[in-house]
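**Student:** This is what each chain is made of:
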Amino acid sequence: MSVAHTVLASTNTGLAHFTQAPEPKKIHWLIEKGLHFKNHPLAQSHLGQGKTLALIFFNPSLRTRLSSHKAAMHLGLTVMSLNANEGWQLEFEEEVIMNSDRAEHVKEAAQVISQYADIIGIRSFPTLTNQEKDYADQVLNKFTQYASVPIISLESAIRHPLQSLADLMTINTFKTTPNPKIVLTWAPHPKALPQAVANSFAEWVLASGAELTIANPSGYDLAPEFRQGAIQCHDQAQAFADADFVYAKNWSSFEYYGQNLPVEQDWQITPEKMAWTNDAYFMHCLPVRRNVVVADAVLDSSKSLVIEQANHRTFAMQAVLHEILQHV
Amino acid sequence: MSVAHTVLASTNTGLAHFTQAPEPKKIHWLIEKGLHFKNHPLAQSHLGQGKTLALIFFNPSLRTRLSSHKAAMHLGLTVMSLNANEGWQLEFEEEVIMNSDRAEHVKEAAQVISQYADIIGIRSFPTLTNQEKDYADQVLNKFTQYASVPIISLESAIRHPLQSLADLMTINTFKTTPNPKIVLTWAPHPKALPQAVANSFAEWVLASGAELTIANPSGYDLAPEFRQGAIQCHDQAQAFADADFVYAKNWSSFEYYGQNLPVEQDWQITPEKMAWTNDAYFMHCLPVRRNVVVADAVLDSSKSLVIEQANHRTFAMQAVLHEILQHV
Amino acid sequence: MSVAHTVLASTNTGLAHFTQAPEPKKIHWLIEKGLHFKNHPLAQSHLGQGKTLALIFFNPSLRTRLSSHKAAMHLGLTVMSLNANEGWQLEFEEEVIMNSDRAEHVKEAAQVISQYADIIGIRSFPTLTNQEKDYADQVLNKFTQYASVPIISLESAIRHPLQSLADLMTINTFKTTPNPKIVLTWAPHPKALPQAVANSFAEWVLASGAELTIANPSGYDLAPEFRQGAIQCHDQAQAFADADFVYAKNWSSFEYYGQNLPVEQDWQITPEKMAWTNDAYFMHCLPVRRNVVVADAVLDSSKSLVIEQANHRTFAMQAVLHEILQHV
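Residue numbers (our numbering), protein chains in the order written: chain A, 1156 to 1483; chain B, 1156 to 1483; chain C, 1156 to 1483.
So that you can see chain A by itself, here it is in the shape it has in the complex (with noise of 0.2 Å):
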């Protein structure tokens, strides 16, 4: 895990938020945090009033842009929203001459967004073709260098942790027993996906102290930084075997990057998958494709923890939001 940074949080003023995986204990302790917010959300409502928060967003957003207004306003911040897709192209090389259709460097982009917000949130989705690139995660990197007051990740290149952290305060609230099995297994999707998701929950469970199984068909293994650690198998009927929690999430390979792979059996989390399990929850981080990712049975069934999951983006976000305004 030395290797693995889980930019949640950063800074280049001196504060440092997360740039380094989080400790067990640091991460348990945003966990807490989390839940306890979801019962007393207003509790700090003064806290970041006349204070700022952008988002900027460079690919679309629906969750976490509702939630991260929501955990905003529940600490008392301003929200400014940005869609940066929209007539603003960035440059991110460095000496580059600027005389191609980028009118911005983001070296004054990041620094003159810190004039007008006390945190900054930044959304930016990989190429899926271009792994080096990719997994440099750029973007991100290049805000959290220029900017002068903290970034959160909206989800990146190459990690989503308030994502993660959601899902882990949800697994801390559902299971019934101090070590559950969790599996996180690959499932099939129409379009090429980010390993974004994945990657962070991987990261996030195994730095958490917890045991990890990832299950993908051959060819879709996760970045070694992001599995290393995890009790890794390519089938299925042998990861489900006893789970308490199964995260279901799609993801294009990393070895023959971005491609999505033709894959020989059905991936597809079924009820008949799920009777394999140990009674186990369902989990995964919306949007789904029903039938295809997951069959409605198992989507609708009373197992299915998705909604719950989306609930806990709005106080894993405030979370985040808190720790930071209480250094700023």
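Hints may be right or wrong, so weigh each one.
Identical copies carry no separate label here, and so any pair may be met within one copy or between two of them.
[Said to hold, decoys possible] Calculated lysine to aspartate or glutamate pairs in the DMTMM-like style (CA-CA distance at most 20 Å, straight line):
| hint | residue 1 | residue 2 |
| --- | --- | --- |
| 1 | K1330 | E1463 |
| 2 | K1346 | D1256 |
| 3 | K1193 | E1178 |
| 4 | K1346 | E1463 |
| 5 | K1262 | D1451 |
| 6 | K1193 | E1249 |
Think of the hints as simulated: they come from the structure by calculation, not from any bench.
Chain A is fixed; fit chains B and C onto it per the hints.
**Tutor:** Quick look at chains B and C alone, frame taken from chain A:
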């Protein structure tokens, strides 16, 4: 009127707001409440504090967006707006295999947004190509079915109840006799438009206990369930005689669904035609095509109420939000 | 300067804010007020409570959008932003038959938005193809004519007064002599850009009572009414001699309207050229093309004021909003 539902706001959590046509008493009470807030906009400015209103726009909006935001602010609510047509394709059919371009099912979307919003407003226009689908009012009804918080129609495929409430507030303010003659008249327009405003205006005026005359060219009769109870005629001169309020609006054909049929006579509202009336007030929901729907001289006259109608949109929304907030 | 109107904010309801070029006293008073708010941003945080600011963007905006939002928040105002280019075509001509694609007349739009907003900000760029139309500043002026609340220019076809006020705040903060030499210099750019920033900067510097030297290639002289009173030259070296502030900006030709004329010499701002000055500060309104408009070494030097200019945008807006709120 038994089939006619004025889906102004509804919920599946036990509260039932206006899912049936409001009774006359309820309508008059909403009008009174709206006019009260017009005079005392900040009288309840703490009621919504710590609560959120999500406005989901599947179609563009100016008046509804701004008036809803202002109304919410008056009640202390935090507003979160989402333009849903940008990269967010929803599936509305049940039991489908979601392998097309629709990435999320309304079942999840409605439940998820309900985690972040205490009240949800939905705007969704009709296709104007599929009468059965449009009149099933799928988008609004599916959100109402699956959300766990109250839903407000910000104009659906077939109704625009907040506009109608604002219109009744306007008539109530300017009428000089207990039972003024109210005329809803079709007017020309270069594009095929929804029937929603006309449907709702007819429904609300009739449900309020008032008489309504509807004038439109042959082929442009509204759907039976909306015009039932109104005096209908295909002659503008006859309709305008002794009118106290002339409400002009274009709509496309219901019978020849969604079509802009050729019309022999000119149905534009002119000073000459207004002279047939009892010095009637002119009303329109806006936006309006000058010198197509209505002549400059009518729109710019002192008898034009269009700006006052727009103003009342704020307080119609505030009355409905207040009604809901008292119960959530 | 008699023709020059610095339409910073205006109204047709009896208040008259800055519809003529502000007098030197007024400019200095606005600068003082802006710098006061920089030190005490929340000193008047209740003044705007219960009131709304509508920001209408006919063109993209980053700095203006965020700085306006922050300034409004400091004063307790609720902000409603509208991207007006999305499905909302306005008609600006009088007495036309509106059967084209323009669905609403500015006459209604301005009056309607005035029902929802206590103050309206408008951003609208020039066509750069029709000089007469652009210099009539139609969008801003029509909104000012028809609105019943104060209008603030967020950059119009020909002026960007909030930028200029922020720029003067910056010069005022960093000047070390009472009468520093201020140079406005044209710089290269791959695209044809508006003259608005240059026009307003010249207008405000001159109206403040300061001297201004304008350097640009032949063919790039600003409109006569804006450059009148300035020292003009077509030689960058001559202009930079003894300069204390170098304000760089590209603009397209006024004479050969909207064109990007070929320029023989390189007008990029380099360290070599800055060495000709009196150790001048470098200024630019951003966004800026690195190594096209200005060399990295200049922009990244300690004499670059661009981020401070961006910061002052907030307090320039706050000064203007405060001025208006005291009168509405």
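**Student:** Each hint needs a verdict: does it hold in this structure or not?
**Tutor:** Structure-based check of each hint:
{"no.": "1", "hint": "K1330 x E1463", "in the structure": "within (14 Å within a copy, 52 Å between copies)"}
{"no.": "2", "hint": "K1346 x D1256", "in the structure": "between (28 Å within a copy, 9 Å between copies)"}
{"no.": "3", "hint": "K1193 x E1178", "in the structure": "neither (23 Å within a copy, 40 Å between copies)"}
{"no.": "4", "hint": "K1346 x E1463", "in the structure": "neither (26 Å within a copy, 45 Å between copies)"}
{"no.": "5", "hint": "K1262 x D1451", "in the structure": "between (47 Å within a copy, 11 Å between copies)"}
{"no.": "6", "hint": "K1193 x E1249", "in the structure": "neither (43 Å within a copy, 32 Å between copies)"}
Violated hints, listed in ascending order, are 3, 4, 6; each of the other numbered hints is respected by the structure.
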